[in-house]
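Engineer: Each of the two chains sits in its own frame; use the hints to bring them together as a complex.
Protein sequences appear in the order of chains A and B.
Everything in the first sequence is counted per our numbering, starting at 13 for the first residue and increasing by one.
Everything in the second sequence is counted per our numbering, starting at 17 for the first residue and increasing by one.
A portion of the hints provided could be inaccurate.
[Said to hold, decoys possible] Derived Cβ-Cβ restraints for the label pairs, each shown as a range:
id	chain 1	residue 1	chain 2	residue 2	range
1	A	R65	B	E61	28 to 36 angstroms
2	B	W117	A	G387	26 to 34 angstroms
3	B	E118	A	R65	32 to 40 angstroms
4	A	T314	B	P104	58 to 66 angstroms
5	B	V121	A	R92	51 to 59 angstroms
6	B	V121	A	R65	31 to 39 angstroms
If you're looking for bench data, these hints aren't it; they were derived computationally from the structure.
This structure is a prediction, so every number in the text was calculated from the model and none was measured.
Positions of the beta carbon are idealized from the N, C-alpha and C atoms, including for glycine.
Spelled out from the first residue to the last, the chains are:
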Amino acid sequence: MSWRRFLRRRKWDEERARELEAYLQAETEENIARGLSAEEAHRLAHVKLGNTRRIREEIYEMNSIGWLETLWQDVHYGLRMLRKNPGFTIVAVLTLALGIGANTAIFSVVDALLLKPLRYTNSSALVIVWGRLPAHDLWRNVVSPPDFFDWQAQNRVFSGMAAFVDQPLNLTGAGEPEQVSVEQTSPNFFSVLGVKPILGRAFADDADQAGKSDVAVLSYGMWKSKFGGDADIVDKKIELNGKAETVIGVTGPDFDWYIKDFSFTHRRPQLWMPLVFPPAAHDRSKTGRYLRVVARLKPGVTLPQAQSQMSVVAAGLAAQHPDYDKGWDANVVSLRDQLSGALRPALLILLGAVGLVLLIACANLSSLLLARAAGRRREIAIRVALGAGRRRIARQLLTESILLGVIGGTLGAVAAMWATRALVHAGSTNLPDAGAIGIDWRVLAFAAGVTVLAGLAAGCLPSLISSHGAIATALPEGGRNSSAGRRGNAARSALVVMEIGMALVLLTGSALLTQSFYRLMAVNPGFRVAHLLTFRVALPDSKYATAISRGAFFNGLLGRIRQLPGVSEASADSAPPFGGVGSATGFVIVGEPPVPVSQQHGTDVRVVEPNYFRTMGIPLRSGRLFTEREFRAETHVVIVNQLLVNKYFHGANPLGQRLIIDMKDTNVPCEIVGVVGDVREDGLNENVQPVAYWPFPELPYSAMAIVVRTAGEPLALMPSIRAAVRDLDKDQPIAEVNSMEQLVAKSVADSRFTMVLLAAFAALALVLACIGIYGVMAYSVSQRTHEIGIRMALGAQQSDVLRLVLVQGTRLALAGVGIGIIAALALTRLMASLLYQVSATDPVTFGAVVLLLVAVALAACYIPARRAMRVDPMVALRYE
Amino acid sequence: MPKRGAAALQGEVLQGTLDLLILQTLALGTAHGHTIAHAIEHRSEEVLQVEHGSLYPALHRLEDRGWIASFWGTSENNRKARYYRLTPAGRKHLVAQTGRWEELVRAVNLVLGRAAGPAAE
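Chain B on its own, in the form it takes in the complex (with noise of 0.2 angstroms):
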């Protein structure tokens, strides 16, 4: 259930942000549409709310542009199930973003007058 206050992932300013989320969970593993979805929620400790339904034009997008790869498998309960992986252009593409990421929010944290980085913590 989603906590209280908390945003929810929605719109195409943040669109670029998913992706990310999406490419560092497959980089962790194969998995299909449902788990990448609690799997978000979860390690974020249920603060990002990713819009299901969202999830899969990304899912779609992603795998227009190479950085993701499907296919059909079996789920755990025996179900088949799409899963996708993540493709050595993607693992590229998600290690640049990802440190752009920090740079972003390095940047923000300047302004904002806070330490950078999360060693800051």
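If we strip away everything but chain A, and leave its shape as in the complex, we get (with noise of 0.2 angstroms):
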């Protein structure tokens, strides 16, 4: 049997006919020449032959591709079945399209963020090595220059090892002065990356030697907004902190490189250099910790191998230089948990649920072809009657679902692309990699999967019943009760029961989220949130290399933004809370024995200017804020916070006591003047920190963040202090302007994005739930009227009739509600590390949830009951 047999095979069937004509006439003459009579020639002819519709039947049959052949025509009769039921189909077709398109869009995140490959580089082999701290609770850190050197030289797991750290640079010189966000990196770094720019070249592997090192590398988005794309900029000259740097080369569109985690910039990188390492650099006890490490395994190694040599490594280093780098290990995370990781439970969690929420789609639909079979039963058995099989029936009604699939699918993969397309923008600060989120192959097949097996599912039941049902004959009438009948109700009532069953989980489950997102807002930061601008300034060493000129400018600034309409407060600090990594470092309290600086209690510091506390509305819990001489000169007082008393001082009054905070070359002991209150400043879940606080000039930063407090809105203010930096140095740009409340908003994107995503799954479920439920009783209603007429006939009230009716559902609802308190009980603790402050099991939002399912669930059958109320007994008596 050929292809081109099969599809010519009705010419070939003509030849066929003509061939078994000349048969007939070759055979009927010569039966003529023996002697018979024209006619009895022709019959002897033909019973020779046989059948010839037959033969002509067998030849076509052995050209055709049998179950092709029957699944063409069990889709052409399929098709005309939803034509005829337009309504069916269309309810049909939507509930599917809806149940696809969710599963779809959520997959098309998952995919992205978690399964494909990223686009610029072959990432499987590219891991962050971090330091760990163990025994401090500190799991990712950054890492000294003298430990990276000594990880590249003793390390035997990576092909590569490249060091990079981002600063804010001010480019001048090109339009607008802007602060930059420039990344510093080991020559070899965009080898170990495996990129290549798309113009010009990386850097040269001695592009760190003094004298070769000031070239700059521009990402695309860079080279397209602030150069517009010039074709000639290799080796053209750009003005870096008043720095002349040669641009040699330009990254590719998608290149999509930006680690968040100590991010001192917070922004992506906008510029590469290569990064230039002073002689102190090698020196444990004159450099502290500030890289960040990418590395490339080698073929052949697996991440566990490499974190355990890493680990050998670390521990040799920690037993070497015993003063600095005891109990520090070595943390390998590869790179694709390093940007998706901490989305990888919110978001498989959301796939969990929109699969649920698709599975009760499909039992709906279930139920709808269940009811629509059951009206089709004539139909079924005169098929039986004329030959069809019971699996040739069950193929057929499955193929009718599985064709509801493919036009539902349809449909959802194309609400999924409008879908993923809001999903991304709503949730684009917080995404890693966005532009690689979007319907792909991948996505398409995984649609087509879903449709199939969606079609399968809610076919299955159906086709099962029927085409058991037909065997028996319903040809007869009043096949109501038959026991294809009884069998489909049971059907119909054990999914709806399943669909309550799965609508609780869901429901719970987004309670349960619910409630924790609103316990995490509750918080109380330990400052004022509302009306607060911050933006930082940078400024460039060169302009301002003394203690007194970057003084002079801060205060310069404050004085002239604390002088404008619709200003109260106004302050500057190093780090301000919400706004990314700040300083950390080691002290030592005056009095207490001499310990190495690794063995030292550990703190941030933050340098703050006058009136700080009192901009933040932080309070003061015992002692004093700094006095006005205190910011003038170094004098050597230091303000903690109520956790680093509670941490190292046991109850004892701090203040008098004198620290020793290892920050600068030459620590002198600080004086304790004031405590003041905790502040959550790196998230609303995240654990407090010991915190010292220095006045500026004891550790005069070049890089600050300034905090206003506004009397209206703080973003409408950003003219007049850009103007009013504008006026100290014409030159001087200003970065991250946020309100504070944006920035605590931006801490809980996620978790806000996940709260309301599946708040909406679990309303789409409880919507599908009770439209099972509505149209299982309007079923059973309308089975029972001959019942309930004959009911009423007897005696009964209306409200008997009602409570029939009512009871029936609350079974339903309450078997429903049984099978999905186990069930919750068992997932719920799958989002346990979700909830902030609420357990996965809570009984109050279980039992809550189990009202609002049941209230729903009655309300449901409202109408139905209803109408069985209104059943006339004369109507219902005669109606057969």
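Structural biologist: Here you go:
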């Protein structure tokens, strides 16, 4: 049987017919020659040949592909049936489209973030290597240069290791002065990543030597926006912090590199420059930890192998340099995990939730199909009588439901395209590599698979039940209480009970997550969030080399800002809350035995300007705030937060005690003059850290964040503030302008996103379950009209009938609730990692959801119950 | 007319044998369906009665496998008829099948206790 023959079956058949004709003529003539009459000859010829029709059929069938033939018939027939019942078809298709569309949209996000390889390189071999200090609960920390050099030299598992650190620099001489995020890296950075620039070249191997390091590679976005996509940009010069740098290359548009953890600029890198280490960088006593490290695994090396080898190296360093490295380990994290690991639990939960929604939709569809199949019993019985086997009928019904699935799935895929874009837009600030999220072949394949599965799932029960019932003849009238009918009803009830159970699981999960989110939002951050504006100013060292010049700038700026109308307070801080990473170091309390750096107490260090605590609304717990004098010269005083006192002073009065904080080359004891309240620096659900605050002259940073308490809308003041900055220094840009409310909202954006989506799915599930209950109850009432009529004729009141219906509905609801509770108790613990201060089996939440579901179920029974009440016994009794 | 007591050839059991007979008939020259049917009957001295209806599917199958080829020609009484001829591949298949048939006959005769081959007639 060849394909050519298959496609030209009809022509072959015609030829065959002619051939058989020719045979008949020849045989007839032969018979006539033997002496028979014409008629007799003709008849005998036919007898000899047999049934021509059958011969032709046999050959035709030899030319066809059996299953394709029947499939085409089934599809054709199914389409006709669907067109005949437009109402049913529309409802079914929409239900499926919703379910499949939602699944596809969520999967596209999951695929892009968790499954697909990164667009710009082979990311499976790339890892980020952090430092780890388990004793202090620190799992990812930046690395010191001496450690990095030793790691590079001593590791055996990486084919390349590169360090990178970002900082803000001022780009001048190209339009408006702009503060850009510059990432300084080892010369082999781009080759470790496996990335080639689209213009020019990457760093040479000696780019970190003095004299060869004034080069820069631009990001694609920066090249397009700031330099207009200039094709001759290579070898042109740009000015960063007053120094001239030569552009040597531009990266491609797909290069979406951004490691959020420990980024000092909190922005995507816009430029890359070689990292030049000062001589002090090789001395552990003179340098701190500030590097991040990316490495490429050697072929054949797995992540666990790399981790154990690096731990060995780190242990070796800890033994060699106990003063600085004791207790420190290495933490090797895959790049994928680094970028999307935080989102994995939420995404998987969303995927599970949307899968449940689809199951509920399929159950609804199954129920609908069952009801419709009951109405088609005559048609099915006739087909059985004409010789269709049970499998053929089952296949026919299954084809119809898959057909519905395909139509619904196509609509759903289209809807998913729109939904995915909406999802990305809504979550764009926090989604890494958002450009990669979209509908591609992988997602479409997933949608196709889900479609077929949904069609099968929805159709298997109806097709099994209907075809089974068909064997028992249903041609005689009054088949209402036939076994098929009863089995169908039982199936529909079972489906509804399952739907209610699944809806309960979703509603419970959503309720828990919503509660958790609101508890999170209710956390007191430790300062007043509303009406607070923040932005960053990074002064170039070339212009502001001395502490005095920096102090003068910041004082002058703050003075001007305080004069602006609408400003009630203003101050500055080296690292404000929700502003990302700040400095941390070790300290000793004067009077304690001296210990090496690795053994010291840990604290964050902040440098503040006058009025900081008042501007932020941080309460003073004991002692006093800094005086004016302490902001004019170094006076060696420090204010600490409550947690530092609790952790390291154990109830003793800290005021007057002195700390030696290891931040500078020479460290002088500083007296504690005050204790302030704790502030949640890193996030509402992150732990508070010990903090030591210094007045500005103690450690005159060149980059500070300005915080402004406004009377009205914070961002409305920006134009006047920018003018104030320009007045002081026309070449000084500012960056990271945010209202504190924005920053807090951004910090919980992930949780909010997940909560909203889960709530939407739960609501959808509730609606679908409601429809399911209504459908089953309405059908049941219509089936029992006869029975209700009899009851009423025998004296039942309307209220009795109402109770009859409601009891049936309640029984279904309670059964579903029972199953749902068991399932929910088992499943909600999977989302425990997302919950804040809410137990995964919180009884109050469970109870509330159960009540809601039962109430909704009863409401869904209401209309069918009313219809039952209005049954006219006389009509019902006559109704067959 | 079929001889009394003659077995009719039908069913898949002897399908391979029918193929063999058709191929052998065509080895002697081209023929169309009607001729082939009668030729088998005549040559077997009316013992093998081919159900002519099953002849045509068999011809179709053989053509599908490439052992015979068909073309339209004029029959003896000047009518258009579908002629079949043996292809080189078919000729090879015929030789192989004939050999296998003879082996089968010899084996059955051995079991039945008769002497092997037509030489023992």
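Engineer: Any hints from earlier that this structure breaks? Give me their numbers in increasing order, please.
Structural biologist: 2
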